[in-house]
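S.K.: The hints should help you fit chain L onto chain A, whose structure is shown.
Number of protein chains: 2
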Amino acid sequence: MADVARAAGVSSATVSYVLSGKRAVAPETRTAVEAAIAELGFVVNTAARSLRTGRSSLVALIVPDIANPFFAQLTATLQEELRGLGLHVVVCDTRARREEERALLAEAVQQRFAGVVITPFRLLPKDLGVLTDAGIPAVVSADVPFGAVDQVAPDARAATRQALELVTAARRRRIAMIAGPRDATGGDPRLELLRALARQYGTALPGDLVVRGEHTREAGAEGFAELMDRRYRPDAVFCANDVIAVGALDKAHELGIDIPGEVALVGHDDAAFASLVRPRLTTIRYPAEEVGRAAARLLRERLDGRTAHRTVRVKAEFVARASV
Amino acid sequence: MADVARAAGVSSATVSYVLSGKRAVAPETRTAVEAAIAELGFVVNTAARSLRTGRSSLVALIVPDIANPFFAQLTATLQEELRGLGLHVVVCDTRARREEERALLAEAVQQRFAGVVITPFRLLPKDLGVLTDAGIPAVVSADVPFGAVDQVAPDARAATRQALELVTAARRRRIAMIAGPRDATGGDPRLELLRALARQYGTALPGDLVVRGEHTREAGAEGFAELMDRRYRPDAVFCANDVIAVGALDKAHELGIDIPGEVALVGHDDAAFASLVRPRLTTIRYPAEEVGRAAARLLRERLDGRTAHRTVRVKAEFVARASV
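If you're matching them up, the sequences are chains A and L in order.
Under the UniProt record's numbering, the first sequence has 59 at position 59, and the numbering climbs by one with no breaks.
Under the UniProt record's numbering, the second sequence has 250 at position 250, and the numbering climbs by one with no breaks.
There's no promise every hint is true.
Taking CB as the label site, the calculated pair distances span [unchecked claim]:
#	chain 1	residue 1	chain 2	residue 2	range
1	A	PRO206	L	ARG310	41 to 49 Å
2	A	ARG199	L	GLN162	52 to 60 Å
3	L	ARG230	A	ASP183	54 to 62 Å
4	A	PRO206	L	GLN162	48 to 56 Å
Just so you know, these hints were derived from the structure itself, not from any lab.
We put the beta carbon where it would ideally sit given N, CA and C, even for glycine.
Next up, chain A with everything else stripped away, as it sits in the complex (with noise of 0.2 Å):
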């Protein structure tokens, strides 16, 4: 750092606060003390720069909620992948307000944290600049495509045709969906996806076979006796997460309802309990460990120094259980 300073004719505070950030340096001040820092040789490991300085070494991951298993996992292989490189990664439940969400993102530039991997539920692709602005990279696990940043999206259409598959080869026909809330980000692409392929198989969504809520257990209660009060009973019920399965299950035990006999039940994602449930349940599997460990390795290239953006598509899996 002298050495640096010297040569830059500045200070050696001066080259620490242009290192860590932590003071406003005047541009040209800045200007000279890179040069000195690339004329003298350093090797600037972003990754290993980050943690030296201001930089603290933790991960925030931001989820809608901790309590859906999925995140649970995604949490646990995010740990694994960047224990590695020293980063340690802390869990922000949002509870899918926008609010907490952008509140958080603003802590984490605040923190100065080392990265975050998003998963969001109301929040805008506008939103990530602050972290854009900082200089701190992000990775969005999303459905929908969310703008100049890295991300995880998942390609669930060959399992979606697969559910589809089974379904209508039992003979049902009236499909109905739980989906997410109106007001989420790009809307619920599940349900789009599920629309545009129920049609190739002779039936469709009409809108009063379609209940909205958010994707907790009481909405998919709620939207599961709604959708049995409607006129003609749907009779394959498709959930924008096994987290709404579960509630429409206590819901249909509740009723007497039975599934798969009556109602067939397809949830979404997996989640560790999918398979305690009874009757288990059938879903579209989106594998938690490897959404983890792409966003990883995403955030991994990004602190070693790539700059163009990138996005990693994870592959769904149709699991057939018991519930259709």
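M.R.: Using the frame of chain A, we list chain L on its own:
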């Protein structure tokens, strides 16, 4: 700040350093600044001060297993309770490893967290010294006394007694336990309690009816298989938590052992999935909401300036479902 600086005869920057603790300041300078602050009649609100100054608004919740829904519920409650103070909760998963527990405490200090709530697994009471030294308020949630620190602890005596009453009323006498690992902090207090009470019901937990493992579903399955291999098979199995109990259920299904017909099964915690499995799990409910509220209250009081240590006891409750 300018007023304080003038009164103390120092620069505004120095006042800022004293308040934020970001830089070392000579003791006499610190005293002068603090005297000026007092003289000028500024109210020192510890919580507000720690927020205003170098301290972050993050509270770390450090747990051994984020996939255990008990901790998801604890997180949700803690968030709800601390939101009003402008504090955000980040969850850190140690995977029950002491080195991770210690590393995360060090991070909390480094990042100047506003507080730490920890459920230690292998951590030793002395490891908390780094928090005390840094003046970071800590709340421990643990069954065993954890030294001079704020603590939330269960009172599970009555609930365990009720469980034993039900089990022994059905003439079950060969009571076993799948306990936590031997090297967990404080051993397994749930085992000690069960053992002490079992004697009062004319039974005992001989050494060969106690198996040990991590608090995981896999360990539960292995432990159950081991117990079923004993010459005198147990007819009732208590588990250190519900995650273990679910693993035991998996294995019982696999081995074709009827629960509760052949073996009664008792969990601990009443985690979210306890009511999902079949048969629904009879368990000792340790209410995560109350634990979270108590921890938040202890933290708040500490931020408000309380200096004496407090322990809050939270009553566990017996929940009879279908596995006994």
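S.K.: All hints are to be evaluated individually against the structure, with a verdict given for each.
M.R.: Hints and how they fare:
Take PRO206/A and ARG310/L: their Cβ atoms lie about 59 Å apart, and the range 41 to 49 Å is violated. Separated by about 57 Å at the C-beta atoms, ARG199/A and GLN162/L satisfy the suggested range of 52 to 60 Å. Checked against the hint of 54 to 62 Å, the C-beta distance between ARG230/L and ASP183/A comes to roughly 57 Å, which is consistent with it. For PRO206/A and GLN162/L, the Cβ-Cβ distance of about 52 Å falls inside the hinted range of 48 to 56 Å, so the restraint holds.
Of the numbered hints given earlier, the model fails hint 1 alone.
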